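Q: Okay, here's what each chain looks like letter by letter:
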Amino acid sequence: TGGHTTEILRLLSCLSESYSPRHYVLADSDKMSEAKIRSFEQKRAETFSKSQFSLDRIPRSREVRQSWISSVVTTLYSILYSLPLTYKRKPDLILCNGPGTCVPVCLSAFLLGLLRIKRTIIVYVESICRVETLSLSGKILYYFSDYFIVQWPDLKKKYPKSVYLGRIV
Amino acid sequence: FRFKDSLAEELQSADLVISHAGAGSCLETLEKGKPLIVVINDKLMDNHQLELAKQLHRDGYVLYCNCSTLVETLQSMNLSALKPFPPGQPDKFASFLDKVFGLQ
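In order, the protein sequences belong to chains B and D.
For the record, in the first sequence the residue sitting at position 110 is 110 according to the numbering used here, with numbers rising by one throughout.
For the record, in the second sequence the residue sitting at position 60 is 60 according to the numbering used here, with numbers rising by one throughout.
Derived by calculation from the structure, the hints in this document are not laboratory data.
Certain hints may be false.
With beta-carbon atoms standing in for the labels, derived distance ranges [what the hints assert, rightly or not]:
no.: 1; chain 1: D; residue 1: 13; chain 2: B; residue 2: 158; range: 36 to 42 Å
no.: 2; chain 1: D; residue 1: 101; chain 2: B; residue 2: 31; range: 32 to 38 Å
no.: 3; chain 1: B; residue 1: 76; chain 2: D; residue 2: 67; range: 29 to 35 Å
Computed from a prediction, not measured in an experiment: that's the story for all the values here.
We put the beta carbon where it would ideally sit given N, CA and C, even for glycine.
Chain B on its own, in the form it takes in the complex (with noise of 0.2 Å):
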């Protein structure tokens, strides 16, 4: 959604072409992200003639401030729904950075990684928002990505798991 669109696509500015193509998923109500990833690799692909890309679309797993126990339900359902996606896709790499749609991608590709079929590599970045505390999907994904990056270094000290790299967005 919205800021985080903006912000995902600011830290694919940078990235080579070795990281292609690219799979973006999106939730089913998200009208707006469509626009920009699309403005976004039409730019791309004018510097590199074989750039490809995808969109996904799957169901919001929680609604902004959703009661505990429905979301619980309705992420249940989101993994479930998102386990054929990411095993067709068995992408190397899962880069996220908070909306609540990431969390059940991470978390199939996480399963997928325990059955040994595919293992990727999750990369988690905390929205450059999140000064003082973690998102709830940053509380969820510090335990299962691989690598959690935030952007102040307060997050730094309180999670010293984590990667900061300063301002990347």
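On the provided structure of chain B, position chain D as indicated by the hints.
A: Just chain D now, with coordinates in the frame of chain B:
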């Protein structure tokens, strides 16, 4: 004017921006090099939004007030004391990922 796709044009021609503490608004304004006063609404605010506004204020990039102190802030503000906001560095992220995958 309620929900335009982008305020980029208005931002470009503004001399001073007064905004709520939404991250997108703050960062977009700072990146355009415009002086910014962030107004906090304690009653409506989602606490985590405050974190970024407070930090930006601590680092000297924005002025900060609530609805009732806005007038006073406008009267006594010293915009030249605000520091220019350095851009983020996505290249550091790219280097980091390249190291992870052995791609340097």
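Q: Can you give the numbers of the hints that this structure goes against, from lowest to highest?
A: 3
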